[in-house]
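S.K.: Using the sequences and the hints given, assemble the complete structure.
Under the UniProt record's numbering, the residue at position 144 of the sequence shown is numbered 144, and the numbers go up by one with no gaps.
Just so you know, these hints were derived from the structure itself, not from any lab.
One or more of the hints may lead you astray.
What follows is a set of in silico ranges between Cβ atoms, one per label pair, in the way DEER data are often shown [stated by the list, open to error]:
| id | residue 1 | residue 2 | range |
| --- | --- | --- | --- |
| 1 | L48 | A17 | 13 to 23 Å |
| 2 | S2 | V75 | 14 to 24 Å |
| 3 | A17 | R74 | 21 to 31 Å |
| 4 | E77 | V15 | 40 to 50 Å |
| 5 | R46 | R119 | 15 to 25 Å |
| 6 | E77 | S170 | 19 to 29 Å |
| 7 | S191 | S2 | 23 to 33 Å |
| 8 | R123 | A17 | 25 to 35 Å |
| 9 | Q116 | D156 | 13 to 23 Å |
| 10 | S24 | R157 | 34 to 44 Å |
| 11 | A17 | P60 | 11 to 21 Å |
Note that the Cβ used here is the ideal one computed from N, Cα and C, for glycine as well.
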Amino acid sequence: MSAVRVLVVDDDPLVRAGLTAILSTEPDLTVVGEAGDGAEVLPLVRRLRPDVVLMDVRMPAIDGIQATRYLLDRVAEPPRVLVVTTFDNDDTVYEALRAGASGFLLKRARPDEIAQAVRTVARGDSLLYPTAIRRLAARAPDTGTGDALRSARLTDREAEVLRALTRGGSNAEIAADLHVGAETVKAHVASLLAKLGVRDRTQAVIAAYESGFVRPGAD
1 MSAVRVLVVD
11 DDPLVRAGLT
21 AILSTEPDLT
31 VVGEAGDGAE
41 VLPLVRRLRP
51 DVVLMDVRMP
61 AIDGIQATRY
71 LLDRVAEPPR
81 VLVVTTFDND
91 DTVYEALRAG
101 ASGFLLKRAR
111 PDEIAQAVRT
121 VARGDSLLYP
131 TAIRRLAARA
141 PDTGTGDALR
151 SARLTDREAE
161 VLRALTRGGS
171 NAEIAADLHV
181 GAETVKAHVA
191 SLLAKLGVRD
201 RTQAVIAAYE
211 SGFVRPGAD
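M.R.: Given below as structure tokens:
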């Protein structure tokens, strides 16, 4: 199996160097490039073809939110985006997730957590922190992006799976809770993503909050 290719994007050269050093010690991860601003991301992605972009949210010229939107709009098969931030209550994190990022990571995370986060999004899973997402969703304006969920006609089991996704459950965890096989859960996830017209679990969770399907203040 080939190594996961990573592009590290941060306007602080020390942070870039630190993230690159951490990831370079992992035999299954390869840093293929670095960028100091979101403006550099699109050309580098087209040239280097990374699997994951480790993206700072706050940058001076083009921030991580705009850069994520550009990738999804202008690259046929865009890499997964994992945004990095200093604080988990940063409103820009929620905007980055709405823009299409697969999850977020705190800069103070341990080296093993950073490496595992890259692996998680590389295999197509989302990296969410349910408590932080609930808190951010509670402050987010109603943009109407949850309308698709209200008209999606999810089955009862798909609705159960979506609620479990908002709690951060993996396929295996959801399968254990619902007493079904992991492949069954995978099929339900694929079905609800198609019905909602979203690309991944993160976007489904955001739609669940913004539609009122789940309440941000709920435990």
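S.K.: Now tell me, hint by hint, if it's right for this structure.
M.R.: Quick rundown of the hints versus the structure:
1. The hinted window of 13 to 23 Å between L48 and A17 holds, with their beta carbons roughly 18 Å apart.
2. Distance hint for S2 and V75: a CB-CB separation of about 20 Å, consistent with the stated range 14 to 24 Å.
3. Evaluation of the 21 to 31 Å hint for A17 and R74 yields a pass: the beta carbon distance comes to about 28 Å.
4. The hinted window of 40 to 50 Å between E77 and V15 is violated, with their beta carbons roughly 28 Å apart.
5. Range check, R46 to R119: about 24 Å between beta-carbon atoms, so the 15 to 25 Å window is met.
6. At roughly 24 Å, the beta-carbon separation of E77 and S170 lies within the given 19 to 29 Å, and the hint holds.
7. Taking 23 to 33 Å as the suggested C-beta distance range, the pair S191 and S2 conforms, at roughly 30 Å.
8. For R123 paired with A17, a C-beta distance near 26 Å keeps the hint of 25 to 35 Å intact.
9. For Q116 and D156, the hinted distance range of 13 to 23 Å is not satisfied, since their beta carbons lie about 33 Å from each other.
10. Checked against the given bound of 34 to 44 Å, the beta carbons of S24 and R157, roughly 43 Å apart, stay inside it.
11. Between A17 and P60 the Cβ separation comes to about 19 Å, which falls inside the hinted range of 11 to 21 Å.
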